[in-house]
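Chains as they are written, first to last, in the numbering used here: chain A, 1 to 327; chain B, 1 to 341.
What the hints contain is simulated information worked out from the structure, not anything from laboratory work.
Owing to the predicted nature of the structure, the values given are computational and were not obtained by experimental measurement.
Check the hints yourself; a few may be wrong.
[Claimed, not checked] Below are the DSS-like pairs computed for lysine-lysine, each with C-alpha atoms no more than 30 angstroms apart in a straight line:
{"no.": "1", "chain 1": "B", "residue 1": "Lys28", "chain 2": "A", "residue 2": "Lys157"}
{"no.": "2", "chain 1": "B", "residue 1": "Lys118", "chain 2": "A", "residue 2": "Lys206"}
{"no.": "3", "chain 1": "B", "residue 1": "Lys105", "chain 2": "B", "residue 2": "Lys291"}
{"no.": "4", "chain 1": "A", "residue 1": "Lys123", "chain 2": "B", "residue 2": "Lys118"}
{"no.": "5", "chain 1": "A", "residue 1": "Lys72", "chain 2": "B", "residue 2": "Lys230"}
{"no.": "6", "chain 1": "A", "residue 1": "Lys127", "chain 2": "B", "residue 2": "Lys8"}
{"no.": "7", "chain 1": "A", "residue 1": "Lys68", "chain 2": "B", "residue 2": "Lys229"}
{"no.": "8", "chain 1": "B", "residue 1": "Lys229", "chain 2": "A", "residue 2": "Lys6"}
{"no.": "9", "chain 1": "B", "residue 1": "Lys118", "chain 2": "B", "residue 2": "Lys196"}
[Claimed, not checked] Interface residues of chain A toward chain B, partial, derived using beta-carbon atoms under 10 angstroms:
{"no.": "10", "residue": "Thr30"}
{"no.": "11", "residue": "Asn57"}
{"no.": "12", "residue": "Asp130"}
{"no.": "13", "residue": "Asp181"}
{"no.": "14", "residue": "Ala182"}
{"no.": "15", "residue": "Val184"}
{"no.": "16", "residue": "Arg186"}
{"no.": "17", "residue": "Ser222"}
{"no.": "18", "residue": "Trp244"}
{"no.": "19", "residue": "Arg277"}
[As the list claims (entries may be wrong)] Per label pair, the in silico range of CB-to-CB distance:
{"no.": "20", "chain 1": "B", "residue 1": "Leu66", "chain 2": "A", "residue 2": "Pro312", "range": "40 to 48 angstroms"}
{"no.": "21", "chain 1": "A", "residue 1": "Leu240", "chain 2": "B", "residue 2": "Gly85", "range": "47 to 55 angstroms"}
{"no.": "22", "chain 1": "B", "residue 1": "Lys118", "chain 2": "A", "residue 2": "Asp191", "range": "30 to 38 angstroms"}
{"no.": "23", "chain 1": "B", "residue 1": "Met260", "chain 2": "A", "residue 2": "Leu132", "range": "27 to 35 angstroms"}
Note that beta-carbon positions come from the ideal geometry of N, C-alpha and C, so glycine has one too.
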Amino acid sequence: MVDLTKLREMAREVISREDVREFIGYRPGTYGFRARPAFVMGPDDADELIFTPACVNNLASYIVLEEKLPVKRGEEPDLRKVAVMVKGCDSRALVQQMEEKAYDRERILVLGIPCRGVVDMAKVQAKFPDVLEVGDIALEGDKFVLSFNGSKEEVAKEELLADKCARCRYPTPLVYDELLDAEVERFADDDYADVEELGKRSAEEKWAYWEEKFSRCIRCYSCRNVCPMCYCEDCVLDRLQPQWMRRSVDISENAAYHISRAYHLAGRCIQCGECQRVCPVDIPLMELNRKFYHDVEELYDYEPGTNVENPPLLSTFKVEDREDFIM
Amino acid sequence: MALKKLSKEKVGEALGELSKFRLIAPAKSDDVVVFKQINNPGEAFLDYGNSTVPAKKFAFPQTETLFRFVTGSPELAEKNVEEEGTTVIFGLRPCDARAMAIVDKLFSWDFDDPYYLKRRELTTLVGMACVEPPSVNCFCTSLGGSPFGGEGLDMLLTDMGDYYLAQALTDKGKKLTETLSSQLEDAPADDEQKAKQMALDAEGKIRRTIDTAGIPEKLPGLWENELWKKVSAACLGCGICTFLCPTCHCFDIQDEVEEMGEGRRCRMWDSCMFEEYTVHASGHNPRPTRKERTRNRINHKYSYYPDKFDVIACVGCGRCINLCPVNIDILDILDQVVDAS
Chain A
1 MVDLTKLREM AREVISREDV REFIGYRPGT YGFRARPAFV MGPDDADELI
51 FTPACVNNLA SYIVLEEKLP VKRGEEPDLR KVAVMVKGCD SRALVQQMEE
101 KAYDRERILV LGIPCRGVVD MAKVQAKFPD VLEVGDIALE GDKFVLSFNG
151 SKEEVAKEEL LADKCARCRY PTPLVYDELL DAEVERFADD DYADVEELGK
201 RSAEEKWAYW EEKFSRCIRC YSCRNVCPMC YCEDCVLDRL QPQWMRRSVD
251 ISENAAYHIS RAYHLAGRCI QCGECQRVCP VDIPLMELNR KFYHDVEELY
301 DYEPGTNVEN PPLLSTFKVE DREDFIM
Chain B
1 MALKKLSKEK VGEALGELSK FRLIAPAKSD DVVVFKQINN PGEAFLDYGN
51 STVPAKKFAF PQTETLFRFV TGSPELAEKN VEEEGTTVIF GLRPCDARAM
101 AIVDKLFSWD FDDPYYLKRR ELTTLVGMAC VEPPSVNCFC TSLGGSPFGG
151 EGLDMLLTDM GDYYLAQALT DKGKKLTETL SSQLEDAPAD DEQKAKQMAL
201 DAEGKIRRTI DTAGIPEKLP GLWENELWKK VSAACLGCGI CTFLCPTCHC
251 FDIQDEVEEM GEGRRCRMWD SCMFEEYTVH ASGHNPRPTR KERTRNRINH
301 KYSYYPDKFD VIACVGCGRC INLCPVNIDI LDILDQVVDA S
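Next up, chain A with everything else stripped away, as it sits in the complex (with noise of 0.2 angstroms):
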């Protein structure tokens, strides 16, 4: 567990340096068991900073999503680091963005995270769906500890859990300049048995399955915009002039919409799972995003976000690849 004494401690002291400009971590939520991004500007914001099982967003996002306003005539560019609290999924999301050489890693400060796991928060507002004050949850042995309005509530792990937590392979985070507590040991694994099974079904059957789902998208683009790996100065699909992609909301554009992001995370997603997480409207989109992973691990023995020393699987060519698939 995270002592809190010591992460507030620790970011006044990151804060206050003079090389660092913002130190991005949890805090409280405004209602129920949520949890949010907090921006720490000064050693004053620190008190607020938490971590807890649910502090689920994946922080890395915002490295990639700051705003580059152009510099003044006579400003220097703000070059301060910037510090982010990372689980060990998110801490592969910064990986692959150095491996994609993204930005230096001279820019952030990683606090590490080593994690047990953390919980689906849509499984616990279904749980708790009338919890308005705001609640807390710990995670202790094999049980969630909900404490809300007075009292508190144990329920099994395994049944808030998120589910990229029960197939975890990386618990302790592989990019840090410190860590906040004990590195956790490996406690799971994945057999990718889900992307075994809908793989058993027809085309049809597919399809079918997935027009009810992408007939449902809204695009809000909001699995893309929480994409720590989608970070594309210019989005094609926010290109007017041609239009790559239309505006139109409808299954033939929506399909090609997913199916497209699904394509250009092939090699890259680190499964964080964050544009399922976000998806208002239930798309399972780590379906889409699980089979590239299985694929990209069985066929080049490469996962992403594992070492910043590796190039991106797709800039990297070797006489030994397998190519049977192509023609």
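Since the structure of chain A is provided, determine the placement of chain B on it from the hints.
Quick look at chain B alone, frame taken from chain A:
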């Protein structure tokens, strides 16, 4: 006019009767509740909280073709909304209906929007009162609405256990009562009183509140306030809060090529939270960051709209709070507006 009741056993029959019109009702798509055209009464899912996407999309579709064109031909095949026919939206929540009444003001303001207004004219709204609030983040009572509110509705249904109490609120609603004369029966005499008490109880169950008095007047003075930077820091810039808002009504118009030489002009929902929403042809963007865009979203709802139309463009449905991926909470923002100096 005497109150009517619709026995739950006859709901299927009533929906069957209404399917001679274009009938829209809540239905399940996997576990997500959406409004859609119902062809078979069994598809309707009336025992719901609220839909994820508001019913507005049947007055103001996310994408609609305005006309089709062929290269080299001066003829335009214009959209005829009449063809959509008489529509009944059955079972929407009072907040969503009130939102349509609010948006009507915009679409009939300096220009009468023929598509929207024709569709509204053809549509009858049958609401379902919220005996229990659909979510902890409902705050309709702070905006002048009510879980039993009738504004914008033609008929209001109230779940009384074994039956729905049906109150016709407009001429369209009375007409619907006639259409359903074989399914509706006279309601017990004391139901009107009972429903009034239920409405009071339901209002009491709304737990989130904001005192909106003074907010529209205060907002312009907070233009440069540091609160905007703070409340928008976590924003991802996605369209959830605006697309799922029953009063958001911004649209874009695009020409889309369908076949070689054939195309259509259509309009589609746009979002002020998107970066390119305000990009000028020159490349300049007067709202360059999410800070300015968040400030616009709040100002549009709570300052510009009341300034122009005397009503706040928010009905307190709570969708933007429930579904924001980073817990940006409009009531939290408004609290900061109230506290700011």
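Going down the list of hints, with the structure as the test:
1. Of the pairs offered as hints, the one joining Lys28/B and Lys157/A holds, with about 29 angstroms between alpha carbons and a cut-off of 30 angstroms not exceeded.
2. At roughly 39 angstroms between alpha-carbon atoms, Lys118/B and Lys206/A are farther apart than 30 angstroms, so this suggested pair is violated.
3. A C-alpha spacing of about 28 angstroms is found between Lys105/B and Lys291/B, which places the hinted pair at or below 30 angstroms, so the restraint holds.
4. Only pairs whose Cα atoms come within 30 angstroms are accepted, and Lys123/A paired with Lys118/B is rejected, the gap being roughly 42 angstroms.
5. Restraint check for Lys72/A and Lys230/B: satisfied, since their Cα atoms lie roughly 22 angstroms apart, inside the 30 angstroms limit.
6. For a cut-off of 30 angstroms, the pair hint linking Lys127/A to Lys8/B stands: about 28 angstroms separates their Cα positions.
7. Under the criterion of a C-alpha separation no larger than 30 angstroms, the hint pairing Lys68/A with Lys229/B is consistent with the structure, at around 14 angstroms.
8. Restraint check: the Cα-Cα separation between Lys229/B and Lys6/A comes to about 28 angstroms, which is no more than 30 angstroms; the hinted pair holds.
9. Taking the CA atoms of Lys118/B and Lys196/B, the gap is about 34 angstroms. The hint is violated against a cut of 30 angstroms.
10. Because the smallest distance between the Cβ of Thr30/A and any Cβ of chain B comes to about 4 angstroms, under 10 angstroms, the interface hint for this residue holds.
11. Hint status for Asn57/A: holds, given a least beta-carbon distance of 6 angstroms to chain B, under 10 angstroms.
12. Interface hint status for Asp130/A: upheld, as the beta-carbon distance to the closest one in chain B is roughly 6 angstroms, under 10 angstroms.
13. The restraint placing Asp181/A at the interface with chain B is violated, with a minimum CB-CB distance near 24 angstroms, outside the 10 angstroms limit.
14. Annotation: Ala182/A was flagged as interfacial toward chain B, and the flag is violated, the nearest CB pair being 29 angstroms apart, outside 10 angstroms.
15. Given hint, Val184/A at the interface with chain B, is violated; its Cβ is 26 angstroms from that chain's nearest Cβ, farther than 10 angstroms.
16. Nearest Cβ of chain B to the Cβ of Arg186/A: about 28 angstroms, over the 10 angstroms cut. The hint is violated.
17. A least Cβ separation of about 4 angstroms between Ser222/A and chain B falls short of the 10 angstroms threshold, and the interface hint therefore holds.
18. This hint is violated: Trp244/A has a C-beta 12 angstroms from the nearest C-beta of chain B, more than the 10 angstroms allowed.
19. This hint holds: Arg277/A has a C-beta 7 angstroms from the nearest C-beta of chain B, less than the 10 angstroms allowed.
20. In this structure the supplied range 40 to 48 angstroms holds for Leu66/B paired with Pro312/A, their Cβ-Cβ distance being about 44 angstroms.
21. At about 33 angstroms, the CB distance of Leu240/A to Gly85/B disagrees with the hint of 47 to 55 angstroms.
22. Taking the beta carbon of each, Lys118/B and Asp191/A are about 56 angstroms apart, not inside 30 to 38 angstroms as hinted.
23. Between Met260/B and Leu132/A, the C-beta spacing of about 56 angstroms breaks the proposed range 27 to 35 angstroms.
The structure does not agree with the numbered hints 2, 4, 9, 13, 14, 15, 16, 18, 21, 22, 23 stated previously, though it agrees with the rest.
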